[in-house]
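Take 1 as the starting number for the sequence shown in the UniProt record's numbering and just add one per residue.
Incorrect hints may have been included.
[Said to hold, decoys possible] Once the Cα atoms are required to be at most 25 Å apart in a straight line, the calculated DMTMM-like pairs of lysine to aspartate or glutamate come out as: (1) Lys211 to Asp388; (2) Lys211 to Asp290; (3) Lys211 to Asp44; (4) Lys211 to Glu338.
[What the hints assert, rightly or not] What follows is a list of derived Cβ distance ranges for each label pair: (5) Leu184 to Trp391: 35 to 41 Å; (6) Leu195 to Ala400: 29 to 35 Å; (7) Arg261 to Gln217: 43 to 49 Å; (8) Asn199 to Gly314: 25 to 31 Å.
No wet-lab data here; the hints were simulated from the structure.
Ideal Cβ placement from N, Cα and C applies to all residues, glycine included.
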Amino acid sequence: MIAVALRNLRHRPGGFVATFLSALLGAALIMAFASLIDTASGADAASNESLVTTASVGGGWCLVIVAFAVTSTLTLAVRQREQQITLLRSVGATGPQVRRMIVGEALAVALLAAAVAVPVGWLLGRVLVNLLHNTGQVASTVDPAFGPIALGAGFGVTLLGSLVAAFATARRTGNQGRQRQRPLLRRIGAGLFLLIGANCAVLTATLMDGKGIDAMQTAGQAGIWASIGLALLAPELLRLVTAVLGPVVRLFGAPGGLALRGPRLSSAVMPVLLFTGIATGTVYMQGIEDRAAAGQVEPDYAQDIQTLNYVVVGMITVFVAIMLVNTLIAATTHRRREFAQHRLAGATRGQVTAMVALEGVLITVTGVLGGLVASLFTVLPFGSARADRLWPDASPAAFALVAAIAVVLTASALIQTTRRTLHGPATAAVRA
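Throw the hints in and build the complete structure from the sequences for me.
Rendered as structure tokens:
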């Protein structure tokens, strides 16, 4: 079955392109942050501390987000091939053989992605060191290094993460019906992450009250854990938003009815929610800190923390934004046959495009609102601890900008991919 896996990737890469891109970008980020430890080995004590701190915090959060992204895109890739897997089972393939095929494909994709990520990680690592040079946190005499730690972390984490994700995904292929009806493990995981986020929020508002900039340590974690927890509840959140907005969507006639009856693209909600939650929480947290620190004497490491916040969140946000577009393109392209069936039933290209646009509205509203809730796990307790007020004195403009970016990314990915998918005769797409 390993040979079958390699042949599938050569002739029918399909949804594994999304997994490849997620693994590539994730490996590059991990290599970039890990290269700071390679750089630290030849640096002075102060530079060493800044490099190791940035590598530990940034690399740790990249690891969490990347593992989540690879798992979600790999699951999407396997679900898109349910028909092929069913065919293999019908001609005599056993469950273990199918699982070995999926694991083999995942490992081949991960190895290729990690290899391609090496020059990208090298470049990003140099950018990080130069940024630390410019802010005075690392001596200008310290030269960037890219060695065994960066390569080992990039390849090791990517291969191990893909292997774990592949085993988890392959295990579900033999029990797909019950998996849909009993998503118990997903909900337990969501509850666990939300509890961790809530615990960090409580610690921020209580134990870290009056600790100044140090409160960022727990406040930032609260929003990220909450974002992951709510992202795992994407199917439930999407059903809730669909039920509330359903009457409005039906006003658009046939496209609205098709959008409400179509597949629930909960996998697309996850990156929207992560993007909105992490970006909003960190931007407002840093804004609260900047206002609280005005006119005060800040500790020497305040600049380190500010730089770290913007660097880590900037990189993670870009990664999640690419993951968002990547997931939407993969999910929409896979619906070529469904779109063709709608057209053969009488729907025009414009109506199909309108249907997808309305689905995009439901996805975006769910992700943005979920991300807003997740960001409050960071903003409210940090505002209480740092500024002695639960609701921060901040403009909603930052959140509006984040939401607008989410809307533009979602709409452009969905509509452009749908238009390309609708090219050609519908009969040919149905036979494909």
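Now for the hints, and whether the structure bears them out:
no.: 1; hint: Lys211 to Asp388; in the structure: holds (12 Å)
no.: 2; hint: Lys211 to Asp290; in the structure: holds (15 Å)
no.: 3; hint: Lys211 to Asp44; in the structure: violated (28 Å)
no.: 4; hint: Lys211 to Glu338; in the structure: violated (56 Å)
no.: 5; hint: Leu184 to Trp391: 35 to 41 Å; in the structure: holds (36 Å)
no.: 6; hint: Leu195 to Ala400: 29 to 35 Å; in the structure: holds (30 Å)
no.: 7; hint: Arg261 to Gln217: 43 to 49 Å; in the structure: holds (47 Å)
no.: 8; hint: Asn199 to Gly314: 25 to 31 Å; in the structure: holds (26 Å)
Of the numbered hints given earlier, the model fails hints 3 and 4; all others are met.
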